[in-house]
Amino acid sequence: MSKKPTAGPALHKVIMVGSGGVGKSALTLQFMYDEFVEDYEPTKADSYRKKVVLDGEEVQIDILDTAGQEDYAAIRDNYFRSGEGFLCVFSITDDESFQATQEFREQILRVKNDESIPFLLVGNKCDLNDKRKVPLSECQLRAQQWAVPYVETSAKTRENVDKVFFDLMREIRSRKTEDSKATSGRAKDRCKKRRLKCTLL
Amino acid sequence: MKEFDDFNFSVEKYTKDLTRECVGGSDLQQRKKEIEAYNETTAATLKQTCKKNYMEFIQTAKEISHLESEMYQLSHILIEQRNILATMTDGKTSSHLKAESLEAESSTAAEEVENSHATRAVKEMVQGFNGNLEGKTFLNEGALIELDGNDYRPIQRVFFFLFNDVLIVCKVKHDKRLDFLTEYDPKKIAVINIKDLDGVKNAINIITPDGSKIYQSITAAGKTEWIEKLEEAFRFDQQKKPKKGQAPQPPTRAKQQSKSTTPEKETTPQSPGEPKSLEDETPEWLSTASEEIQTLVAQRHFEDAQELIKRTQDFMRNESRKKVPLADAIESKMKQQELKLINVLLKELSNSHNRNLQIALRAAKRPLKILVEMGRYRQASATLLKVCAVSLRVAQREARRNNADISELFFCDLTQVACDFLTAFEQQPACVSALVVWCNAELQYFASQLIKHYLTKGTSLESVAKCVERVRKPSTKLTEIGLDISYHLEGLLRTTLESLIEESKERLLDSVGRTEESWQPYNLQTKSNLKRLLLELDVLGIDVRAQATGDTWINLTQSTVVFIRHFLQLTEYCGCLAKCETLLQSLELLLKELFIAQHSLKPPSDMAVDPNFVMKNKIFLVDNLLPIAIDKFRQISGRQCEGLRELHTKMSRQQGAPLPRQRSVYTTDVF
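Line order of the protein sequences matches chains A and B.
Per UniProt numbering: the first sequence = residues 1 to 201.
Per UniProt numbering: the second sequence = residues 1 to 671.
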């Protein structure tokens, strides 16, 4: 009768964020099912789970595909709390979506209260390079400022789709091992870090 | 070592006994070793038994939890079903109204009802909940299964009550009681649609202040509904405000007021020539007409709705139209409303079918009248006839099962439909043709039923005649309303009847001469028998008193007497059937051949009979029976039976010649 949680594969919780229509769901579905969904239907909040092999180790990835639309902004806090890593997606053909990433980043940091939370800046729709509105240099600059990696993807051609998810999972994994290794001393360290940030904000 | 198991085992006594028994230390040592070994084995068996029991316990527990989860699922399904039933019974009366127009008034009313309903339900059913639910809007309720976040196994069955600002989570106990677990503010929870989770279907993830929880719905629809409703609750305040502003506009009192005022009060200010209306772009009633119609339709005030539509159209048609800036928009809206009303009425009309035609017709009257007034003759007539057809056929089937007379019923119903139809569509001659076509179709159906159930092979002519008679009589009555279907009906039944006549003819011919004939006068044994027979034949129209001799004798053979009776009866039936010309020929043939068969009966050559007596029978048949039969046939059918008349003349001529010879034979025999 004992309900011991079966020590299954490690679970990494990834959250997709970004403005509406940038391709969060398309990336997710491409990663999950290897298919590109053309028709656009605004997401509210969908979650997916998949077993993948990460560097020879079987892990589970839990993807929470959130709503990009502004009217869901209020509820985002609730979702973000459960995330271990974030893919912050914008469309390289839409400058507004790029500007919005700033806001998402701030919100995540506020909710997670952790500057070094696993985070990737993802410029989607790179197959539409001829319609590019956001210069690559600007994207890279922002990623540098945040100290996060920047990757350009295409949900349509599947370019870098696996890469962003696996890169993020690796970061999450290393963060977890770091955390578990980190004994009280280190934990205190991070607490300090956090406190600092609080005062800053 | 048995003594260890003894209940009264005492260590001291045992050791004493042991020391007494044992000789020397080595023996004692041996004993000690033995006891130690026993100790060890006992411990081992104990351990084993323990383990076995434990394993069994685990196995059973697993089974129990498995069964438990199954029970959850089952009762969940049951609850779902109950909800469906409840909504069906609740919504039965209001469902079509709702579907047709989601008009604000009824929905707010329904909401209120639902609110109080749900509030009461929560108060009654949920133990341990003391929150105040006054003034909250009920959004949804239902059973869900809470799943374990790690292995997705069902943990417990829960029941949700969702109000605009609170989500009440209850545990469903085994006795179906609800135990209050917790409540959440819908604005503080996040709902995630679980699209893919190791095959767990229809699950949602609710992130609450106290952690993330997975709930499973039985159906996919249930899941989507919860996601929607929870979102609705989440946005309730932003959303409801503008809605609330609209809602109070049309409720009950407003509608009653406008209903009573629109016809009288508003027509006056609208009269042309009034200076005010020149500046006034759109009269108020006109701008609200569309909504008003929706309300009226929903309240089933179809007449009022139709009137309003008509009024609007009239208004649009005359010159005041130019003063209305949104004339086109209003007009198109009106057209929509009109179509909607027509659809509603048609639906109403097609729903009016009933087992009882009268009831169906009565129910159809109202929508019919409005549809006719709206000029929808064709649709209305088609629908009405469809409805009638159903009623008619159902009634016939029922009558048949109860052995009632279906013909009468059919024609009465047909008449009724025709009458009602003609009154309803008086001004529309085009529709009458639809009626005729319909009658034709129904008639065909009726005839096929008749043939299938009443005119089956082997039916006696008597019942055939009765059946046909029953059909014909009322069918001719239809001519009173200008509908002559008897000819058509005859045509439909003709082939069947003809084959039936043919068949009976063969049967009857076959039976002629089957009886043993002694060619002796018929002895009826008693006076009363004779009397009864004479009376019977009287009724059939033939008087054989002249042939009666003695107290009990008839001076004809038995088979002749039987044939007389039978033939006259047959003549009656055939006469009935021959009322229609088409069958005349085959009927005549039947009678004729039958008569000839009887007439040509001859005593076997080896039988000693009085030839004069044989002749006498024949003469009686030709001279007495045949004219009576001919007459009878004519009387009943109203037609001359040429075949029999020919036969009569032929036979009497034949008789004329041989008669003397016969007599001479007879005399020579005597002398």
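If you are wondering where the hints come from, they were derived from the structure by calculation, not from laboratory data.
Think of the CB as a built atom: it goes at the ideal place given N, C-alpha and C, for glycine as much as any other residue.
Be careful, since some hints might not be right.
[To be verified] DSS-like mimics (lysine-lysine), calculated; alpha carbons at most 30 Å apart, straight line:
{"id": "1", "chain 1": "B", "residue 1": "Lys123", "chain 2": "B", "residue 2": "Lys136"}
{"id": "2", "chain 1": "A", "residue 1": "Lys133", "chain 2": "A", "residue 2": "Lys163"}
{"id": "3", "chain 1": "A", "residue 1": "Lys51", "chain 2": "A", "residue 2": "Lys112"}
{"id": "4", "chain 1": "B", "residue 1": "Lys201", "chain 2": "A", "residue 2": "Lys50"}
{"id": "5", "chain 1": "B", "residue 1": "Lys229", "chain 2": "A", "residue 2": "Lys44"}
{"id": "6", "chain 1": "B", "residue 1": "Lys213", "chain 2": "A", "residue 2": "Lys176"}
[As the list claims (entries may be wrong)] According to the in silico footprint, chain A covers these stretches of chain B (three or more CB under 8 Å from chain A):
{"id": "7", "region": "187-194"}
{"id": "8", "region": "223-237"}
[To be verified] The calculated label-pair distances, taken between Cβ atoms and stated as ranges, are:
{"id": "9", "chain 1": "A", "residue 1": "Asp34", "chain 2": "B", "residue 2": "Arg397", "range": "34 to 42 Å"}
{"id": "10", "chain 1": "A", "residue 1": "Gln99", "chain 2": "B", "residue 2": "Met88", "range": "48 to 56 Å"}
{"id": "11", "chain 1": "A", "residue 1": "Tyr40", "chain 2": "B", "residue 2": "Gln427", "range": "54 to 62 Å"}
{"id": "12", "chain 1": "B", "residue 1": "Glu36", "chain 2": "A", "residue 2": "Ala10", "range": "45 to 53 Å"}
{"id": "13", "chain 1": "B", "residue 1": "Leu78", "chain 2": "A", "residue 2": "Lys181", "range": "45 to 53 Å"}
{"id": "14", "chain 1": "B", "residue 1": "Ser75", "chain 2": "A", "residue 2": "Tyr40", "range": "35 to 43 Å"}
Structure-based check of each hint:
1. Taking the CA atoms of B/Lys123 and B/Lys136, the gap is near 14 Å; set against the 30 Å cutoff, the hint holds.
2. The hinted pair formed by A/Lys133 and A/Lys163 meets the criterion: a straight-line CA distance of about 23 Å does not exceed 30 Å.
3. At roughly 26 Å between alpha-carbon atoms, A/Lys51 and A/Lys112 fall within 30 Å of each other, so this suggested pair holds.
4. At roughly 15 Å between alpha-carbon atoms, B/Lys201 and A/Lys50 fall within 30 Å of each other, so this suggested pair holds.
5. Of the pairs offered as hints, the one joining B/Lys229 and A/Lys44 holds, with about 13 Å between alpha carbons and a cut-off of 30 Å not exceeded.
6. A distance of roughly 23 Å separates the Cα atoms of B/Lys213 and A/Lys176; the hinted pair therefore holds under the 30 Å criterion.
7. Figure legend: the region 187-194 of chain B, annotated as covered by chain A; annotation consistent (8 residues with Cβ-Cβ distances under 8 Å, at least 3 required).
8. Residues of the region 223-237 of chain B lying with their CB closer than 8 Å to a CB of chain A number 4, which satisfies the three-residue condition for coverage.
9. A C-beta distance of roughly 60 Å is found between A/Asp34 and B/Arg397, which places it outside the suggested range of 34 to 42 Å.
10. In this structure the supplied range 48 to 56 Å holds for A/Gln99 paired with B/Met88, their Cβ-Cβ distance being about 52 Å.
11. Look at A/Tyr40 against B/Gln427: about 56 Å separates their beta carbons, and that is inside 54 to 62 Å.
12. Between B/Glu36 and A/Ala10 the CB atoms are about 51 Å apart, so this pair conforms to the stated range of 45 to 53 Å.
13. Checking the proposed 45 to 53 Å range against B/Leu78 and A/Lys181 shows it holds: the Cβ atoms sit about 52 Å from each other.
14. Take B/Ser75 and A/Tyr40: their Cβ atoms lie about 40 Å apart, and the range 35 to 43 Å holds.
Checked against the numbered hints given earlier, the structure breaks only hint 9 and satisfies all the rest.
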